[in-house]
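J.: The lines below spell out each chain.
Protein chains: 2
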Amino acid sequence: MAPAGGGAAAGHGAAGRYRGAVPLALSAPTQSRTMILDVVRASRTISRVELATATGLTQATVSTVVRRLIDEGLVVEVGRGASTGGKPRTLLAIEPTARYALGVQLGTDGTTFVLADLGGAIVSRWRRGALVGTDPGHAVGTIAAEVDGIVERSGIDRRRLTGLGVVAPGPLQAATRIVLAQPPMTAWVDFPVRERLEAATRLPVLLDNDATATAAGLYWADGIAPTTTLAALFMGQGVGAGLLTGGRVFRGASGNAGEVGHVTVDLDGPVCWCGNRGCVEALAGPAAVVERARAAGVDLGDDDRPVLAAFGALARLALAGDRVALDLVEDSARYLAVAAHTLVNVVDPDLLVLTGPAFAVAGPLYLPVVAQHVAEHRFARGSGPVQVRLSTHGPESAALGAATLVLQAELAPRGAEAPLT
Amino acid sequence: MAPAGGGAAAGHGAAGRYRGAVPLALSAPTQSRTMILDVVRASRTISRVELATATGLTQATVSTVVRRLIDEGLVVEVGRGASTGGKPRTLLAIEPTARYALGVQLGTDGTTFVLADLGGAIVSRWRRGALVGTDPGHAVGTIAAEVDGIVERSGIDRRRLTGLGVVAPGPLQAATRIVLAQPPMTAWVDFPVRERLEAATRLPVLLDNDATATAAGLYWADGIAPTTTLAALFMGQGVGAGLLTGGRVFRGASGNAGEVGHVTVDLDGPVCWCGNRGCVEALAGPAAVVERARAAGVDLGDDDRPVLAAFGALARLALAGDRVALDLVEDSARYLAVAAHTLVNVVDPDLLVLTGPAFAVAGPLYLPVVAQHVAEHRFARGSGPVQVRLSTHGPESAALGAATLVLQAELAPRGAEAPLT
Chain A
3 MAPAGGGAAA
13 GHGAAGRYRG
23 AVPLALSAPT
33 QSRTMILDVV
43 RASRTISRVE
53 LATATGLTQA
63 TVSTVVRRLI
73 DEGLVVEVGR
83 GASTGGKPRT
93 LLAIEPTARY
103 ALGVQLGTDG
113 TTFVLADLGG
123 AIVSRWRRGA
133 LVGTDPGHAV
143 GTIAAEVDGI
153 VERSGIDRRR
163 LTGLGVVAPG
173 PLQAATRIVL
183 AQPPMTAWVD
193 FPVRERLEAA
203 TRLPVLLDND
213 ATATAAGLYW
223 ADGIAPTTTL
233 AALFMGQGVG
243 AGLLTGGRVF
253 RGASGNAGEV
263 GHVTVDLDGP
273 VCWCGNRGCV
283 EALAGPAAVV
293 ERARAAGVDL
303 GDDDRPVLAA
313 FGALARLALA
323 GDRVALDLVE
333 DSARYLAVAA
343 HTLVNVVDPD
353 LLVLTGPAFA
363 VAGPLYLPVV
373 AQHVAEHRFA
383 RGSGPVQVRL
393 STHGPESAAL
403 GAATLVLQAE
413 LAPRGAEAPL
423 T
Chain B
3 MAPAGGGAAA
13 GHGAAGRYRG
23 AVPLALSAPT
33 QSRTMILDVV
43 RASRTISRVE
53 LATATGLTQA
63 TVSTVVRRLI
73 DEGLVVEVGR
83 GASTGGKPRT
93 LLAIEPTARY
103 ALGVQLGTDG
113 TTFVLADLGG
123 AIVSRWRRGA
133 LVGTDPGHAV
143 GTIAAEVDGI
153 VERSGIDRRR
163 LTGLGVVAPG
173 PLQAATRIVL
183 AQPPMTAWVD
193 FPVRERLEAA
203 TRLPVLLDND
213 ATATAAGLYW
223 ADGIAPTTTL
233 AALFMGQGVG
243 AGLLTGGRVF
253 RGASGNAGEV
263 GHVTVDLDGP
273 VCWCGNRGCV
283 EALAGPAAVV
293 ERARAAGVDL
303 GDDDRPVLAA
313 FGALARLALA
323 GDRVALDLVE
333 DSARYLAVAA
343 HTLVNVVDPD
353 LLVLTGPAFA
363 VAGPLYLPVV
373 AQHVAEHRFA
383 RGSGPVQVRL
393 STHGPESAAL
403 GAATLVLQAE
413 LAPRGAEAPL
423 T
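As you go down the protein sequences, you meet chains A and B in turn. Numbering-wise (the numbering used here), the first sequence opens with residue 3 and increments by one. Numbering-wise (the numbering used here), the second sequence opens with residue 3 and increments by one.
Simulated from the structure, these hints should not be mistaken for lab results. Hints should not be assumed to be uniformly reliable.
Distance ranges between label pairs, derived from CB positions [what the hints assert, rightly or not]:
1) B/46 <-> A/81: 30 to 38 Å
2) B/73 <-> A/277: 37 to 45 Å
3) B/191 <-> A/378: 13 to 21 Å
4) A/378 <-> B/301: 49 to 57 Å
5) A/191 <-> B/273: 53 to 61 Å
6) B/99 <-> A/273: 30 to 38 Å
To be clear about the criterion: a stretch of chain A counts as covered by chain B if any three or more of its residues have a C-beta under 8 Å from a C-beta of chain B, and this derived list gives those stretches [as the list claims (entries may be wrong)]:
7) 43-49
8) 90-104
9) 212-221
10) 309-317
11) 321-327
12) 362-373
13) 395-403
Computed far set for chain A versus chain B, every beta-carbon distance over 12 Å [stated by the list, open to error]:
14) 112
15) 130
16) 139
17) 158
18) 160
19) 176
20) 179
21) 192
22) 231
23) 243
24) 283
25) 285
26) 380
27) 382
28) 383
Beta carbons are placed, not taken as given, at the ideal position from N, Cα and C, and that holds for glycine.
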């Protein structure tokens, strides 16, 4: 599936329909190029001989493709590796300054902007107030102005800027619009986000789910191997997950895979804003925890503080040893552990990463509960362990992921994205 | 992932490691062959021109590959399609008698054998008593004798028999052994099933999860399009799911994806045999329903009757309008609907099929409850519908799936299976 081309549309549209699901007809040069770029990026540095071994391509093909990538400025020679008997081998690496992309996360507590380079490193990041509660048309203008500002201040060559990725909580349709949202984002439902932003920024724009983007960002920036099956459990104001396998995000049929925050863990639980009952998010997401803390008399600042700011205050109290705060967070962690267990049983990843702004502040309280529950209760625990860890990009993981999806779409032409949709 | 080569091993082994996850280096002829076979099979009949459109391959490539497939006897010309202005087009189809495969499902209530042809049609099927409660070494001998018998009786050329697929409830390790099981199957844990069966039958043997195999069987036998993302919710004595996307089963990192029967829907629920608490299977699987029915005084025959036989008796009572039986089944359906909803939210399929022996008898009672719950509560319901239906191969879907995986492995060489691991 081609992120920039329109997410789920690739699987449902008439024209490219078959190609969307069966990508084996990609031309050999396109495949080789995509694969070599992906392996060089994941390896940080690698020799041509190692590239041939890792990809299964012939040395001749590797040499030809690498020469072209060097000519295009995407790959550079960065020195020599240790000799293995013969002459030392020249090491290759991605040229990080060859391409840039912008990522924007629309959050309920604020808007995060990231400028990332081709290596997945964050060149610049900034935050401003939440835009999701404002008129979407007005928000588009604000985002466009911010984008112009950062491009100017960063001094990068605008021709190297490949596009803008925008991420929001799901669900989305065809990577063009939001189809269901809770307050304060309801005004964005069915607003043509992608179209309006493309007109306002004069950049190719990609719209995706925040958790899905996060999985791509982790893969790109953290050097996760293409053999990894990754589940990124994301907690912002909402709870979701991004899935990645074979180096590409897994989106499902409509582009909305991974919605583990809205699985039922209590058939008689409260009705969630999504219309379902007993959802993990309704029972144990930041909004539920903050509401419970306030009812218990915990001081989390003004009542109109954004949920994630209040949740951060609660997490800091818990980390400082406040018993009431700690009990509330640990109760939430029990439910998040069940969500993680569900993901692990259904998707069977070998790496589970806790990420997103809520885990960025409270991750150390959740990690041991989640890791222990998964290790002890996973159905396939006899077949080997699942690694569980915290993301190092918690607060901006989704914005970084948005930028990453833009870079991936630039480097891996449309068809090459298809196997994992 | 190559089923015959060893499931999860492809993702974790040292030698083929990278190839396992990034298959883009497959030779172009191998890719074209696999894709063309897959499209011809899914289409039932198709012209060369339509094949080129569907695959994105050139007409020249299609002609070359088709000629080879005809020479090998795998594809035949079956007549002419309607003219679209020019001369009528010759239609191609799979030659069903070109290859055969055997599938065996090890169930707690019986053992199902299926002989399937290359078109996915069942040539022969038979059942015998359960083998899972017997000594595995003895069971291997029994299976080998049954296999010899059916090959002889069917009169097929043994050289056209590609192998034997064996499926069992999970979890499995590396497609070679069962790593966790409940009574009466505990003696099979860590028994080298695949190795012993290969020695006894002198056939290539593939071991896989029953629900996973079912997804492959539905794809192969029911003409499901390669663009479909399929979730097969399987209920035998246990509850699980098989996942399929892009025409290949999705197995996850350890080969154990889809274990939705062991996700928690009640944090304070009963402890399941798997060690987790409040699992769908423990709360609402056939064993739980039968136990509840017996406690309520419903006559389901002898107490030592296999669970699925007793569950079938209960389902027939419910279908005949018995109020107590109906209430018990509808209560179970509420939980299965939650499991289906979990699958749909996490995997985002566009087709959900209820299959396996328990749905084969009770499916009409479960289907409306599941379909309505998914339609109303799915998180991404705004992005389009999910089709929910009953399998037409309920009782033998897993055995057929086992045979299908063998055929797939025969037709799609090892590497071609990889994108979906």
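J.: Compare the structure with each hint and give your call.
T.: Against the structure, the hints come out as follows:
1. B/46 <-> A/81: 30 to 38 Å: Given a distance of about 57 Å, which is not inside 30 to 38 Å, the answer is violated.
2. B/73 <-> A/277: 37 to 45 Å: Violated: the Cβ-Cβ distance is about 57 Å, outside 37 to 45 Å.
3. B/191 <-> A/378: 13 to 21 Å: Holds - the Cβ-Cβ distance for residue 191 of chain B and residue 378 of chain A, about 18 Å, lies within 13 to 21 Å.
4. A/378 <-> B/301: 49 to 57 Å: violated, 40 Å
5. A/191 <-> B/273: 53 to 61 Å: The hinted range 53 to 61 Å is violated for residue 191 of chain A and residue 273 of chain B, with Cβ atoms some 42 Å apart.
6. B/99 <-> A/273: 30 to 38 Å: violated, 56 Å
7. 43-49: Per the Cβ count (0), the hint is violated.
8. 90-104: violated (count 0)
9. 212-221: violated (count 0)
10. 309-317: violated (count 0)
11. 321-327: Violated: only 0 residues of the region 321-327 of chain A have a Cβ under 8 Å from chain B.
12. 362-373: violated (count 0)
13. 395-403: Coverage by chain B is violated here, the residue count being 0 at a Cβ distance below 8 Å.
14. 112: Per Cβ check, residue 112 of chain A is outside 12 Å of chain B; nearest 24 Å; holds.
15. 130: Check passes; 29 Å lies beyond 12 Å.
16. 139: Correct as stated: the minimum Cβ-Cβ distance to chain B is 21 Å, above 12 Å.
17. 158: It holds; residue 158 of chain A is separated from chain B by about 30 Å at its closest Cβ, greater than 12 Å.
18. 160: Residue 160 of chain A is indeed farther than 12 Å from all Cβ atoms of chain B, at 32 Å.
19. 176: With a cut-off of 12 Å, residue 176 of chain A comes too close to chain B, as the shortest Cβ separation is near 8 Å.
20. 179: violated, 9 Å
21. 192: Its Cβ does come within 12 Å of chain B, the nearest being 9 Å, so this is violated.
22. 231: Violated, because the least Cβ-Cβ distance between residue 231 of chain A and chain B comes to about 4 Å, which does not exceed 12 Å.
23. 243: Residue 243 of chain A is in fact no farther than 12 Å from some Cβ atom of chain B, at 7 Å.
24. 283: Violated, because the least Cβ-Cβ distance between residue 283 of chain A and chain B comes to about 10 Å, which does not exceed 12 Å.
25. 285: At roughly 9 Å from the nearest Cβ of chain B, residue 285 of chain A sits no farther out than 12 Å, so the non-interface label is violated.
26. 380: violated, 8 Å
27. 382: Given that some Cβ of chain B is not farther than 12 Å from that of residue 382 of chain A, nearest at about 4 Å, it is violated.
28. 383: At roughly 8 Å from the nearest Cβ of chain B, residue 383 of chain A sits no farther out than 12 Å, so the non-interface label is violated.
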